[in-house]
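Please build the complete structure, drawing on both the sequences and the hints.
Protein chains in written order, with UniProt numbering: chain A, 1 to 477; chain B, 1 to 171; chain C, 1 to 628; chain D, 1 to 106.
Calculated directly from the structure, the hints in this document are not laboratory data. Don't take every hint at face value.
[As the list claims (entries may be wrong)] Straight-line Cα separation of at most 27 Å, DSS-like style, residue types lysine-lysine; simulated pairs:
id, chain 1, residue 1, chain 2, residue 2
1, C, K599, A, K154
2, A, K431, C, K530
3, C, K559, A, K422
4, C, K545, C, K529
5, D, K100, C, K599
6, A, K344, C, K159
7, C, K371, A, K438
8, C, K374, A, K159
9, C, K599, B, K90
10, B, K163, D, K100
11, A, K363, C, K159
12, C, K26, A, K431
13, C, K374, C, K447
14, A, K154, A, K344
15, C, K26, A, K363
16, A, K422, C, K159
17, A, K438, C, K25
18, C, K25, C, K108
19, C, K563, A, K422
20, A, K459, C, K74
21, D, K100, B, K164
22, C, K600, D, K100
23, B, K24, D, K100
24, A, K363, C, K108
25, D, K100, B, K90
26, A, K287, C, K159
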Amino acid sequence: MNITILLLTLLIGALATYFSGKKSAAKVALSFAVIAFIETFVLICQHNSGFNADYSVEWIANPNIHIALKADGLALALVLLNTLLTPLIILSAWGKHIEKTNIFYALVMFMCFAMTGTFLASDGFLYYVFWELALIPIYFIALLWGNDTFEARKKTVFKFFIYTFAGSLFMLVGFIYLYQKAGSFMLYDLYNLNLSSKEQYWIFLSFFIAYAIKIPIFPFHTWQASTYEKAPTIGTMLLSGIMLKMGLYSIIRWQLPIASDAARELMPTILVLCIIGVIYGSIVALKQVNIKRFFAYSSLAHVGLIAAGAYTLTTDGLRGAVLQMIAHGLVIVGLFFTAEILYKRYNTRLISEMGGIRQQAPKFASAFMILVFASIGLPGTFSFIGEFNLLYGLSQVNLWYALFGGTTIILGAFYMLRMYQKTMLGETNSKPFADIDKTEGIVLGVIVICVIFLGIYPKPLTELITPSLVEIVSYIK
Amino acid sequence: MIDILFYILSTITLGSAALTLLSKNPIHSALWLVVSFFSLAGHYILLNSQFLGMVHIMVYSGAIMILMLFTIMLMNLNISNEVQKPFVTKLVATVAFCLMGLIILSVVMRGTEIYELQYTTHGKDFQSVQVLGQVLLNDYVLPFEMVAVLLLLAMIGAVLISKKDKTEKTA
Amino acid sequence: MDTNVILLLLLVPLLGALLNICFGKKLGNGSGIIATLAVLVSFIVTVIAFFQVNTTKQPIQSDLFEWMAFANFKVSFGFLLDQLSLLWLLFVTGIGTLIHWYSTSYMKGDENYGKFFGYLNLFVFFMIVLVTGSNLLITFIGWEGVGLCSYLLIGFWHKNQSYNDAAKKAFIVNRIGDLGFLVGVFILAFLFQSVDYMTIKESLMHGTNHQINTWIGVAALALFIGAVGKSAQIPLYTWLPDAMAGPTPVSALIHAATMVTAGIFLITRLNFVFDLAPQIQNIIAIVGAVTSLFAASIGLVQNDIKKVLAYSTVSQLGLMFMAVGFGAYEIAVFHVITHAFFKACLFLGSGSVIHAMGGEQDMRKMGGLNKFMKATYATFLVATLAISGFPPFSGFFSKDEILMTAFHNNPALYIIGSLASIMTAFYMFRLLFLTFFRNFRGTQEQKNHLHESPASMTIPLWILGILSVVGGVISLPGNSWLNNYLQPIILNNAANNHHAFGTIEYVLMAVAVIGALIGFGMAYSKYIKKGDIPQEDEQITGFHKVLYNKYYVDEIYMKIIVKPIYALGTFFRDVVEVALSETIFGLGKIVDGLSLQGKKAQNGNIGLYLFAFVFGVCIILYYLFIAS
Amino acid sequence: MENVIEIIGIEKYIYLSIILFCIGVFGILFRRNAIIMFMCIEIMLNSANMLLVAFSTYHQDAQGQVFVFFTMAVAAAEVAVGLAILVTIYRNIGSIDIDKLKNLKG
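Structure follows, in structure tokens:
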């Protein structure tokens, strides 16, 4: 199957959703998302049987720009995450009343399209176009369907938009410089460039700003918590589940192989930043009162570790980063969904107003608990595989990094269990709490099953991504 | 003979141009401008392009200058109601004038390759009205028509802009 | 065949757990039976495997599938049934079965009856994973898995937030150890390109060099920290007494007999690593000895029946660590086993008491129960004698061997250990006397409620009581079956070297017995003769108060670790976050200010524009044509 | 008729044109009266025109003159519209002093 079909499916899905009218928009979006998921699955099967799905056609002759898509294991793994989460995210708002449904879901589908494009693009310019395209839908989703008053969220969302956009511009400058050097935006032309160490240094930094803001790495995270809070839950899921991964993926795909010497030189500084993020995020999370902000900071801690793993430049660290991206994507979407369920029932996001739910809603409590334990990397869940790889990669660089990065397993348990205790346990709540219904069950069930299955048998995924990572590491060396 | 003519015409051109902007009375300015235009037409004729010389006199000295004079009279401008620019501005303007001249001159001086001093003619007719007409209506027929449209548009535009607003009238 | 054995062993408890967790409500009382049967099946499989391994001398090994792959090595989802893991399995599943059976009565009527058994089964499953894992990471699954079950079971009555706090504390403190475990794994993996026990053992048998030895020392220390967390040693022991918040069978199974011995298991499993790090072994021995004395001293004055037993467990675990610290792994294992018997018996006995008292755990409100609960009393007495070290009960042999080893290796630690033993005898008899002797001190209502527990509770007690008596036979002085049995596991059988059994040993034995008698005598004179009853909380003063408040360790930890973290959290949230945010906002403001300045140039003065325009053209021309 | 360039030399036309152009620039900077500035623009346009004609003769190619023709047409259009605007401005503001036209100020 051709790789472009996947992208077209998503694009057509977005258009079809827009024109489908308000009543059937969710159904149309869901069906296209499921089709995209199946297509991704087929693509991965083809990839495993040795079929090369790369695609390249000239787009603009001068400057030399191609529509080039590279579907190696790494890209496909992230596309899989994307197309797996998109239907779940759409399902998560099933039956909820949303104004202008068709536009909303069309934006979701469009965002999925843009993110898929970002993962697949192997031409720098095309990649940049997709990268920025992905920002536009989330801006509107957060602005028009978010929480709080319009004025309050306008300020936050605008800040988010400007912040991330400004960061990306540095990357664009980097790309333009690279184009001057290479005469092409193609991935391998850029890989094979011989840049002086000073050039690499600047290229690395220009990319780093874009990615550090997107991921976000401490101290570029200030947009995160407030945006997560203000965005509707679907938007938060898209942001935290998939969009963050664009930054992490780009580190591996673009930044490290192009500016590998600079990466090696700057590694200590960046690793320290990432690890500060891990500890800082964990400690700030402890003191959050709003459950969405809480998850935002927990996410900051987790992605800090992922970024640290990616910057170790070892195969193990990179593998850990990719695995943990997928694990974190699944888990954080699940967690935000639980926040949404809590909000639906209690109409509040304040942790202090919850509690005593476990007896009322055992199924929900169990799913929530599995997600909590998955999030803190309990062995047997997928996060452990990623976390272990990450920490092992870090330990190869320096044991101290692993030790300080490893505090996440202590602090993570600390804040997560504290939150769980406060939201779920205790004397039975006087307010009624309905257990999860069928659609909620499907979303949580799929996530829980994926997390546990991959925790015990991650081999398919590991084998999918490892060859690409080995190749990338060979470019780094 | 011809070069003397050239120098005389040049002096008139530059002098009248300078007087155009130095005259305090706009009417005088306009009249000096006419002189300048006529001398330019003289240059054209000297360069053996009679057609352009004629057109120049008709368009500039005729049409444009009439327009300007009408406008000036319409506005009833006279010396008294124009405030002179402050001295500093005038000084800076002079500096700018010198700077501009110097720079353009030096640009031209450095770029001698745009013309050769060794010069031969091929003797063919290239600028008689006949040839010009052929070039204009064969090679450049489309721009020619476009210019016609442009002029029409300019005319409509001018009418539209200078027309008094109806609402203003009633107000 | 091998794979099937392992699958059967693992999947039956897992299946039981899933059935009970998912359908616990529908199964009703059936869930208890299912859970007990599941563990029983595991026990039977273990016994069969045990005899097979014992005759063939070949471990049963099976790699199910490849789990993780790294750049230089692969980790398989593999299991290993050798002498050591089988020994552990025997008492895990054996005592597990008894405790499951016991729980069917004990937990009757609880609203989450099915779930309880689900968690218990899950615990057994993870414990089996822990001891049968063929590499460190599989062990780690079990290691964290039992931690999870411990969390779930301590906080089983989740409506009580202080129970939840205890559960959370247990999990988090364990996680500190787990980080140590992971760091140890990293180092070993880095050194040997493998986390497989057998591979590491083989690499080490090929000899090492100095540098590797240093790293092995670090790894051993890290792994020891892991063991400290799980086995509740100083400084990470605080969670275990709190963990008594869980139902009593849980305390018996998890927090006395099985899970907390995982640390000993790990060190014994990796004896070949620890043998290369003598300094670390020294540290282990010291930590063990100090813990044993420290916990015993706290146990002297506690009034909560389960708290006493909890501190006793910490203390006994300290003794075991002392043994492994001396490289006497088989002795530690021996004590693990005997301890499992009598401590499980004690906990279940206390459970029986608590059951009869309707949930009361304070010993000051008990007394005279021997008249009401004959079976409980008899078994409790046996177990107390065993733990106090009276011959010929099992505890005597195992404890005596530890002290003997200590005497040969480090007399100072021997004295500490002996002191701890005397204290043990004292507080155990104090417990016994206060609970079962003299007059009943509870309310009339409680008195009417007093009854002997049903057979499903007393039969496990009897079995465990008998095992506490005869458990010592597996390693009698001079005829050590256990020693021979563990021969293939333990590389340097250090304890064997000086096992010439002579006069000194007999003297030491006599000293130990006298020590136990002293403890008994003191308790007897204080609580039977004088009839003292521990004071009310408010009247406690002086050092007694310090002991009663457990040396204020929890409070100190709270002050120096937990509170600062919270304070830091508040500081970060309210100050650093805002500052960072404002910095970014500040950048925006700078741009804003610059644009305001720029706006001023756009003042509508056409003259100025024209000047700018002309000069601009000049500059452009200059750069384009003249400067170049 | 002989070619004038042979006698006078193209460079003199260039100098003339430059000076004329600069006079135009000077006028624009110097004066505040919009109509005078308009005239200066015409002077500048004419200096360019003259150079075109001179080079047309120099290269002996009619195209240069064709362009002059077009320029004139454009200039005429410009003047027509420009003056119309000026008239309107004058009608509204009562002045065509450019220093008083500051409506562009943001």
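Status of the hints after comparison with the structure:
1. K599(C) x K154(A): holds, 25 Å
2. K431(A) x K530(C): violated, 55 Å
3. K559(C) x K422(A): holds, 22 Å
4. K545(C) x K529(C): Holds, because 24 Å separates the two Cα atoms, which is no more than 27 Å.
5. K100(D) x K599(C): holds, 19 Å
6. K344(A) x K159(C): Measuring from Cα to Cα gives roughly 23 Å; hence the hint holds.
7. K371(C) x K438(A): violated, 57 Å
8. K374(C) x K159(A): Violated, at about 75 Å.
9. K599(C) x K90(B): holds, 25 Å
10. K163(B) x K100(D): holds, 23 Å
11. K363(A) x K159(C): holds, 17 Å
12. K26(C) x K431(A): Holds, because 26 Å separates the two Cα atoms, which is no more than 27 Å.
13. K374(C) x K447(C): holds, 15 Å
14. K154(A) x K344(A): holds, 23 Å
15. K26(C) x K363(A): holds, 15 Å
16. K422(A) x K159(C): holds, 11 Å
17. K438(A) x K25(C): holds, 20 Å
18. K25(C) x K108(C): holds, 13 Å
19. K563(C) x K422(A): holds, 18 Å
20. K459(A) x K74(C): The hint holds at about 11 Å.
21. K100(D) x K164(B): holds, 22 Å
22. K600(C) x K100(D): The hint holds at about 17 Å.
23. K24(B) x K100(D): This hinted pair holds, its Cα atoms lying about 19 Å apart.
24. K363(A) x K108(C): Given that 27 Å is the threshold and the Cα spacing comes to 23 Å, the pair holds.
25. K100(D) x K90(B): Given pair K100(D), K90(B) holds - Cα atoms ~18 Å apart, limit 27 Å.
26. K287(A) x K159(C): OK: K287(A) and K159(C) at ~23 Å, within 27 Å.
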